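K.L.:
What follows is each chain in one-letter form.
There are 6 protein chains.
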Amino acid sequence: MFRHTQRLQFDAKPEKPDPVLARKLQELVGGAYGEMTVSMQYLFQGWNCRVKGKYKDLIMDIATEEIGHVEMLATMVARLLEGAPNTETTKVAVSDPAVGAVMGGMDPQQAIIAGGAALPSDSNGYPWNGRYAVASGNLLADFYANVAAEAQSRLQAARIYNMTDDPGVKDMLKFNLARDTYHQNLWLAAIEQLREDNLEDVVVPGTLTDEEHREHAASLWHLSDGDAAAAGLWASGPTPDGDHEFTVLSDPEPLGEKASPPPPDPKLFATYDGSYGEPKSPALGTEVGLKGKIRGALSPDE
Amino acid sequence: MFRHTQRLQFDAKPEKPDPVLARKLQELVGGAYGEMTVSMQYLFQGWNCRVKGKYKDLIMDIATEEIGHVEMLATMVARLLEGAPNTETTKVAVSDPAVGAVMGGMDPQQAIIAGGAALPSDSNGYPWNGRYAVASGNLLADFYANVAAEAQSRLQAARIYNMTDDPGVKDMLKFNLARDTYHQNLWLAAIEQLREDNLEDVVVPGTLTDEEHREHAASLWHLSDGDAAAAGLWASGPTPDGDHEFTVLSDPEPLGEKASPPPPDPKLFATYDGSYGEPKSPALGTEVGLKGKIRGALSPDE
Amino acid sequence: MFRHTQRLQFDAKPEKPDPVLARKLQELVGGAYGEMTVSMQYLFQGWNCRVKGKYKDLIMDIATEEIGHVEMLATMVARLLEGAPNTETTKVAVSDPAVGAVMGGMDPQQAIIAGGAALPSDSNGYPWNGRYAVASGNLLADFYANVAAEAQSRLQAARIYNMTDDPGVKDMLKFNLARDTYHQNLWLAAIEQLREDNLEDVVVPGTLTDEEHREHAASLWHLSDGDAAAAGLWASGPTPDGDHEFTVLSDPEPLGEKASPPPPDPKLFATYDGSYGEPKSPALGTEVGLKGKIRGALSPDE
Amino acid sequence: MFRHTQRLQFDAKPEKPDPVLARKLQELVGGAYGEMTVSMQYLFQGWNCRVKGKYKDLIMDIATEEIGHVEMLATMVARLLEGAPNTETTKVAVSDPAVGAVMGGMDPQQAIIAGGAALPSDSNGYPWNGRYAVASGNLLADFYANVAAEAQSRLQAARIYNMTDDPGVKDMLKFNLARDTYHQNLWLAAIEQLREDNLEDVVVPGTLTDEEHREHAASLWHLSDGDAAAAGLWASGPTPDGDHEFTVLSDPEPLGEKASPPPPDPKLFATYDGSYGEPKSPALGTEVGLKGKIRGALSPDE
Amino acid sequence: MFRHTQRLQFDAKPEKPDPVLARKLQELVGGAYGEMTVSMQYLFQGWNCRVKGKYKDLIMDIATEEIGHVEMLATMVARLLEGAPNTETTKVAVSDPAVGAVMGGMDPQQAIIAGGAALPSDSNGYPWNGRYAVASGNLLADFYANVAAEAQSRLQAARIYNMTDDPGVKDMLKFNLARDTYHQNLWLAAIEQLREDNLEDVVVPGTLTDEEHREHAASLWHLSDGDAAAAGLWASGPTPDGDHEFTVLSDPEPLGEKASPPPPDPKLFATYDGSYGEPKSPALGTEVGLKGKIRGALSPDE
Amino acid sequence: MFRHTQRLQFDAKPEKPDPVLARKLQELVGGAYGEMTVSMQYLFQGWNCRVKGKYKDLIMDIATEEIGHVEMLATMVARLLEGAPNTETTKVAVSDPAVGAVMGGMDPQQAIIAGGAALPSDSNGYPWNGRYAVASGNLLADFYANVAAEAQSRLQAARIYNMTDDPGVKDMLKFNLARDTYHQNLWLAAIEQLREDNLEDVVVPGTLTDEEHREHAASLWHLSDGDAAAAGLWASGPTPDGDHEFTVLSDPEPLGEKASPPPPDPKLFATYDGSYGEPKSPALGTEVGLKGKIRGALSPDE
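First to last, the protein sequences are chains C, V, X, P, R and B. Sequential numbering from 779 applies to the first sequence in this note's numbering. Sequential numbering from 779 applies to the second sequence in this note's numbering. Sequential numbering from 779 applies to the third sequence in this note's numbering. Sequential numbering from 779 applies to the fourth sequence in this note's numbering. Sequential numbering from 779 applies to the fifth sequence in this note's numbering. Sequential numbering from 779 applies to the sixth sequence in this note's numbering.
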């Protein structure tokens, strides 16, 4: 259960309105690596966490913080839209280049839909969606995803930081940048912790490493004609998991046969000339129908 | 420019059809962490790579390989759908539990749309989309994303590996698992290489670290009531980037003021009682209109 | 079955082209509360209506009208795009601020995809989709949704009304605004009619009111620190359905236990330390397998 | 800023796992009228609220509660998936009708992506998206939308309530149903409060009522051949806003001219035979270019 | 403007309910090539048609018919859901294989959202969206798209025709199949008519044929290793537009230089080692700023 | 399996940067008819092709070429963004109309997400998705779709060709236009080839032509009041498939009964007054339950 204070985690006060910047900040609200993503990602990870104690507690701390970041950004966006030329006509834009410059760069939906406020969308007006939030139950996989998310997030914040001179916006972004720095360091430390606790190692998931085709687990298939890749750390020496030696297949040949689909089900009307043989009748991965099953049930030893 | 051989990178021959598994494998074709994602992600990263030589060459090698993985999976899916009960009526399903078991778990669009073949969609029929592919131009940010993608990908392949007994499918998945192992190791090595080459460090992007509010760059805000998080590597000691000491804010208070939007533009008809004061007229981040600009242009020293 | 006349329900003749306004009007064509939504919403409600006579007839009257509104808006959009700077080059925009002001605010797809016409998309180019249309079969639930849709729709039309001085556009919007006024009144009257006819009451659905946990059916959980909410009509006195007295829980405590997921299925490779106990084997809501069922079938009294 | 306790608002303990029900409950998590929608809808409404005091405080109370509902549902879903046949092969499903019945009705992504937990998606695996959340800044429009959302939400919860016999699930749903009852009553009371406070009236927005074409603001256009609609409360008598008398246009004729697009821009290659006349050259809603503007700037009286 | 009769264009009466088939028919309602697509596609084409008379009239005739097809299908879907096991619990499904077979194959949203009726979605529950509808203003391009849409549509109807034995459903599908036959013939005839009327020819658009690089307008680039393609009608002889001779480039070499991006803007923090040279400062396709423009305005001959 | 050379199929070198054009070109990268669509469409068609030899080989040749077109366009987009005003502040835009003109027309995500490069999205920032790619297994249906795709594609390229004066961009587009000309001719020739090979005829699929209601397979239902459609080639004379004579139903009457849904399942809480009779209990298309089936299994002759 959650509780809320109307005080913001950090101030969000622009010096002046700037509707063009208000549009760009939508990327940090509802973009693929915006605050809605990390808040939902961490919430679902926390609820899904199967290890009691410090991991779950940590994830829920950060998740709860991130909801407050959406709030902070949404407040900033609304303030940047104050008195903005949302309701100016094109005629005004055409006759005043300053208005024109701004109107072209605005998000019309911030005015038409939200009445001058933030939307759960990105800077091109595409709505946030649930496929952005990663929560697999495997903490190593998810912490890798968290490092990646915080890295893209800080990168985007840094880019937008350069697109404004407003001291109030920059002040808030300095807080966001700092938190993104912390969160990158934090998830990297959490990865280290998983290893110290012997819960996970380097490769996700820490299993099937002997079952997989080990001979293909460390070789670079050289399939593009740039030839400098053979010089990298990924091309020779031990692999980060310590389990292989990197190699290069400089002239790789396909290992499989020629690709072909099976003969088609004639009732699906694929164009067909019989070249792949007779279509099979339904085969469901078993030969036994109901009768077979009943028989089997009555004679379980078969 | 690309070239193609009809031979598969690795074999994709199931022992028997299995349309339920064919649906699940759609996740590896067109899911958020399927082969379409990594192929498009690496292609766009390669085309966007601003460092000549080994990084770009490496990315293009792997990108080119991944297109072949989509091909391998798509071929496997079609073969698993051979002779499947796509065209059976519900009446048959109802009277034969074996058919019923399979029909419920099938993807109807593999039959109705594709005629018994793979779709560019995930295991719930949701189409692959471009927001899945990450290519920021910052190699460290993108390599973190690549590790994360390969980790989720191998995890999903491993889960599906446990959902089948078919030796042919398992053989192909052993190849996929091995490649995902390699690709995780590879991107981790590439991160190391970026550091060795002094192109990037630990935190993304490697800038604004002094400008950001450093006092907030290493502290855990304890906002959820589980209290074990203070015991982790993320709570004390040096940060992975070596630039901070982790701390815990055990009873954090908001630093900002009470959140409030500005007074609304009256032409947008927000419900308003005047409590936030008079709405401002348009303010575009500048006071100068056209006349001001012309004046400024003629008298640039003002 | 439908019939069509090429005459518009109302005129749609702008005085002058205005491609920036043409983009904004896309919100009324294909936005979440545009004409495509209400036409599809009412069509599916009408087809799904299980009460013969006046309700179904009413819904189909309005649904049929709304298709004509899409037509009216689409015609207006095309006319606003006449002779527009769709095919001007950036060079022209850069050298003529008037063109520049317009080009930035245009929807490029109206030119590139539609050749100067309306699209089934909103003002940010996001396509209309079927999740917008609500048709549940419960008329009270759907009429509430219809009031809400017409309210948002009239609000958006009113906002855009303020963004133009074109007398022709304003004339058409005066018709749209009037119809939205009527449709709000209409659906409110229809809600009243449902009550008069004793088909529905206030709360949707009109059932399970005794079965639900009545003690939680009228209390405000005070979870945010603003303390003025206790003064509203929702905080004390009888509820609109006459079935409860509003109360306030000013310091609410969670009623549930600490959230935790179950022990994970080991074959899904969640990170796990055993802290939630042994994973269960499959349990499908029943203990009987096939043998049990056959036994049960033969001995139905068990 | 938010705080969190790991205790759930209400218990979420099923008696037994039931993966088919776990899929259906996704509708209440991430569907168009699920808990993610109302939590995001209320959060954005609260942040966008331009009236200090009881309205904002109320919205934030409810918004904060709803995040906890997502948590409650997500926990329930994970528990319903315990020990589920996620990792069974099709072969098992085919040979055991009980497993087959369940596997067909499961959401494969709950296993493959989430490792046996809830997803931010609906019951068909379609991800939650930001277009679901309505927050216009007009409180009457938004409270109508809130009534509608809670009505659909309670309707869906009631439907799912009938799809299970599990006493634990039913117990939680009894809480959800009760809260949905309260929230419907609450938003209806809030609508009444807006009227008492003279902030809004019946029609949204409370403006332009004289400017719109009043003669079209109260008439039913009879466009479908069912003839019972003329008997309803929407067909005669005063309108709910008290501002009109309902009427019926029993044989309505179109008021507009024949629809036609303008002559096309020849550079966009529409098929054209000249029948609509000569295409116009660019006309931007103004005749003045840069020179005109400079002239105007220097001679502001023109 | 539209009018409606409640009589269906053709009967839609199944002999018996069949919820599995009801799900599959969603593909014909709201799939990429379902009736919603063609109705919206033809409506927008008709509204966008720049040729007066027979083309526009034809498109509007067919568009109006197609809305009635959505109605027919939606009615059929609701009837197939009559008395269906929507509200059965998993327990029943597990104990009765006949119920289990059906429940797995059902669309849960038809029950939970629509209360036993059709949805504006496809057979995997993905909502219809506006990107499916093609209306470019170029009639030849659009008629090609119409032939393609009707072809996919009849193919899908034919596939579903084979998935049912219900005489009522088959009767309706025989009507749909016939209309799809007519519509394919119709659009092919309309293509012929465009040529007879000298409005369009074979290639879309009928322009820039001399300006394009003609030497690349008729050659097959042989980039995949299957070598049978050189034997087709597309490899030699005159092209269908009569303007070229087909040829084969059997061993094609790239014509362009090595791909490389430009040096990055340093404020966007791409990883960069300087290997592509110094980043340029902003260059907007022009060298002139405001001063230049004012100068140009005053001295237009420069 | 694929291989790659870093050399582009054709040059992609603009004379100057132009970020507005870079946005428009996104339509050709990731729009519904952009290069991502045709590359994925042809790849899935090729993998799904059930006819050995020239058809499959052809499709794979073209598919492989199209991946290279995505590369060419992506490279062009990055170059057009060189030194662009991505990181300028609104203040600069407002004070320099040339910058303002450009900033309004830019795609902010090309800077914020991609760091100055192409995205897998269209010109309104909507991501490419898998529903765009058509691959049905029926070659005639798919070749019709391919003609349509190449026609829309060339049309869009031609429109953009007119939006730039840059000789480098125009040079690349001349290549694209030529390839689109070839591909239209090619797929038209391939349709001819299918007929020569007696694999398909005119209507898709080439079946059920006698089973469908032939009396409805050639008649124009005149449902819109424009009356010129009766004069077209689609209104009289033989149909293109030679199997019918076109006719016109000038005053068509519906053939079906009044549309009505069945009585609703009471547990789904549709509003209902009993007017459609008693709801049926579950009827699954069969009367036999498990006992019936076991009985049938033991006594197969019944």
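If you are wondering where the hints come from, they were derived from the structure by calculation, not from laboratory data. Just to be clear, a hint being listed does not mean it is correct.
Chain C residues, not near chain R, derived (Cβ > 10 Å throughout) [stated by the list, open to error]:
1) Ala936
2) Asp949
3) Arg973
4) Val980
Taking lysine-lysine and the DSSO-like style, the derived pairs with C-alpha atoms no more than 30 Å apart in a straight line are [to be verified]:
5) B:Lys1036 x R:Lys1058
6) P:Lys830 x X:Lys1058
7) R:Lys1058 x B:Lys869
8) V:Lys1036 x V:Lys1058
DEER-style ranges, computed between Cβ atoms [said to hold, decoys possible]:
9) P:Asp1003 x X:Asn976: 57 to 65 Å
10) C:Asp943 x V:Asp1029: 30 to 38 Å
11) B:Glu1031 x P:Glu974: 23 to 31 Å
12) R:Lys830 x C:Lys1058: 52 to 60 Å
13) P:Gly1020 x B:Glu1035: 39 to 47 Å
14) X:Gly1052 x P:Glu974: 25 to 33 Å
15) C:Leu1033 x R:Ser1028: 22 to 30 Å
16) P:Asp1003 x R:Asp988: 49 to 57 Å
On a predicted model such as this, the values are computed, not experimentally measured, just so you know. For each residue, glycine too, the CB sits at the ideal point set by N, CA and C.
K.L.:
All hints, please: hold or fail.
P.N.:
Here's how the hints hold up against the structure:
| no. | hint | verdict |
| --- | --- | --- |
| 1 | Ala936 | violated, 6 Å |
| 2 | Asp949 | holds, 19 Å |
| 3 | Arg973 | holds, 27 Å |
| 4 | Val980 | holds, 23 Å |
| 5 | B:Lys1036 x R:Lys1058 | violated, 70 Å |
| 6 | P:Lys830 x X:Lys1058 | violated, 52 Å |
| 7 | R:Lys1058 x B:Lys869 | holds, 21 Å |
| 8 | V:Lys1036 x V:Lys1058 | holds, 21 Å |
| 9 | P:Asp1003 x X:Asn976: 57 to 65 Å | violated, 28 Å |
| 10 | C:Asp943 x V:Asp1029: 30 to 38 Å | holds, 36 Å |
| 11 | B:Glu1031 x P:Glu974: 23 to 31 Å | violated, 55 Å |
| 12 | R:Lys830 x C:Lys1058: 52 to 60 Å | holds, 56 Å |
| 13 | P:Gly1020 x B:Glu1035: 39 to 47 Å | holds, 42 Å |
| 14 | X:Gly1052 x P:Glu974: 25 to 33 Å | violated, 59 Å |
| 15 | C:Leu1033 x R:Ser1028: 22 to 30 Å | holds, 27 Å |
| 16 | P:Asp1003 x R:Asp988: 49 to 57 Å | holds, 56 Å |
The structure fails hints 1, 5, 6, 9, 11 and 14 (numbered hints given earlier, in ascending order).
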